[in-house]
Amino acid sequence: GAVVSQHPSRVICKSGTSVKIECRSLDFQATTMFWYRQFPKQSLMLMATSNEGSKATYEQGVEKDKFLINHASLTLSTLTVTSAHPEDSSFYICSARTGFDEQYFGPGTRLTVT
Amino acid sequence: AQTVTQSQPEMSVQEAETVTLSCTYDTSESNYYLFWYKQPPSRQMILVIRQEAYKQQNATENRFSVNFQKAAKSFSLKISDSQLGDTAMYFCAFKMGRGSEKLVFGKGTKLTVNP
Chain B
64 GAVVSQHPSR VICKSGTSVK IECRSLDFQA TTMFWYRQFP KQSLMLMATS
114 NEGSKATYEQ GVEKDKFLIN HASLTLSTLT VTSAHPEDSS FYICSARTGF
164 DEQYFGPGTR LTVT
Chain W
6 AQTVTQSQPE MSVQEAETVT LSCTYDTSES NYYLFWYKQP PSRQMILVIR
56 QEAYKQQNAT ENRFSVNFQK AAKSFSLKIS DSQLGDTAMY FCAFKMGRGS
106 EKLVFGKGTK LTVNP
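Chains B and W supply the protein sequences, listed in that same order. The first sequence begins at 64 in our numbering and counts up by one. The second sequence begins at 6 in our numbering and counts up by one.
Isolated chain B, as found in the complex:
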């Protein structure tokens, strides 16, 4: 089946620094990738949708200057959390779409900002 990886799986960074999370589709080309945020014991909240070679589309309320998304190729999308603060601590999940309607999810990245 289609496999999506994320790196790193866990990251701890200091307040004010930036951190980059990678999302890769390992065995398929993903024209569209999605970034979600999940708080403890809550559902997934879509942050943005990215298409290869074009600017990401952000959901209402998501700061595009804080959460930079780059979909550089058909197998790689990156999420950079800039000037991270403790309130950015969360679980970030990416997914990739192949075909018409199925999304495959990565294993997630736990970000802790100290």
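Be careful, since some hints might not be right.
[Stated by the list, open to error] Stretches of chain W that chain B covers, calculated by requiring three or more beta carbons in the stretch to come under 8 Å of a beta carbon on chain B:
# : segment
1 : 43 to 57
2 : 107 to 114
[As the list claims (entries may be wrong)] Using 27 Å as the maximum straight-line C-alpha spacing, the simulated DSS-like pairs for lysine-lysine come out as follows:
#  : chain 1 : residue 1 : chain 2 : residue 2
3  : W       : Lys83     : W       : Lys60
4  : B       : Lys129    : W       : Lys107
5  : W       : Lys100    : B       : Lys118
6  : W       : Lys112    : W       : Lys78
7  : W       : Lys112    : B       : Lys127
8  : B       : Lys104    : W       : Lys78
9  : W       : Lys78     : W       : Lys115
10 : W       : Lys112    : B       : Lys129
11 : W       : Lys83     : B       : Lys104
12 : W       : Lys100    : B       : Lys104
13 : B       : Lys104    : W       : Lys115
14 : B       : Lys83     : W       : Lys107
15 : W       : Lys107    : B       : Lys104
16 : B       : Lys127    : W       : Lys100
17 : B       : Lys118    : W       : Lys107
18 : B       : Lys104    : W       : Lys112
19 : W       : Lys107    : B       : Lys127
[Said to hold, decoys possible] One-sided excerpt, in silico: chain B residues whose CB lies under 10 Å from chain W:
#  : residue
20 : Gln105
21 : Leu109
22 : Tyr167
Simulated from the structure, these hints should not be mistaken for laboratory data. Using N, Cα and C, we set each Cβ at its ideal position, and we do this for glycine too.
Starting from the known structure of chain B, fit chain W onto it as the hints suggest.
Showing chain W alone in chain B's frame:
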């Protein structure tokens, strides 16, 4: 806007028994897709089952089946012969079919299978 409601925050079931998780949704669209995802403690989202709205037949995948009631906008998940490995969060999700890519998730139901 489309909404997905899961009215059962938590449920439990004995091993080998059957459990049904509820999901209702609201949409004015006629062409859409519905999904159940499982998120075990590892946090990896796993697709359990999917249903195309234009199909009248309920989807089944081994021990998992759905009861899709389009008129009632209901999409429940039945897990038969529950196993300990079924313990997880279960999310119901909706996606429009007209080229839209966005999944709308419910708040989830935490299912615990007891030995």
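Query raised in the report: For the pair supplied as a hint, Lys112 (chain W) and Lys129 (chain B), is the alpha-carbon distance within the 27 Å limit?
Result: Satisfied, since the Cα-Cα distance of roughly 26 Å is no more than 27 Å.
Report task. Sort out whether Lys100 (chain W) lies within 27 Å of Lys127 (chain B), counting only the CA atoms. Result -> The hint holds at about 24 Å.
Query raised in the report: Under the criterion that the straight-line Cα-Cα distance not exceed 27 Å, is the pair Lys83 (chain B), Lys107 (chain W) satisfied?
Result: Answer holds: Lys83 (chain B) to Lys107 (chain W) is near 23 Å, not above 27 Å.
Report task. Mind checking the CB of Tyr167 (chain B) against every CB in chain W and telling me if the closest is under 10 Å? Result -> Holds, because the Cβ-Cβ distance from Tyr167 (chain B) to chain W comes to roughly 8 Å (cut-off 10 Å).
Query raised in the report: Is the hinted pair Lys104 (chain B) and Lys78 (chain W) satisfied, with a Cα-Cα distance of at most 27 Å?
Result: Holds, at about 26 Å.
**Report entry** Distance restraint between Lys83 (chain W) and Lys60 (chain W), which requires alpha-carbon spacing of 27 Å or less
**Finding:** Holds - the C-alpha atoms of Lys60 (chain W) and Lys83 (chain W) are around 18 Å apart, at most 27 Å.
Query - When the least beta-carbon distance from Gln105 (chain B) to chain W is tested against 10 Å, hint result - result: Interface hint status for Gln105 (chain B): holds (7 Å vs cutoff 10 Å).
Requested in this report: Verify the proposed pairing of Lys100 (chain W) with Lys104 (chain B), using a straight-line Cα cut of 27 Å.
Outcome: Between Lys100 (chain W) and Lys104 (chain B) the Cα gap is close to 23 Å, so the pair holds against 27 Å.
Query raised in the report: Holds or violated: are the alpha carbons of Lys112 (chain W) and Lys78 (chain W) at most 27 Å from each other?
Result: Satisfied, since the Cα-Cα distance of roughly 17 Å is no more than 27 Å.
Query raised in the report: Has the given pair, Lys100 (chain W) with Lys118 (chain B), been kept, meaning a C-alpha gap of at most 27 Å?
Result: Cα-Cα ~22 Å, so holds.
**Report entry** 27 Å limit on alpha-carbon distance, applied to hinted pair Lys118 (chain B) and Lys107 (chain W)
**Finding:** 16 Å, holds
Query raised in the report: Would the pair Lys107 (chain W) and Lys127 (chain B) pass a check requiring their Cα atoms to be no farther apart than 27 Å?
Result: 18 Å, holds
When each numbered hint is compared with the structure, no violation occurs for any of them.
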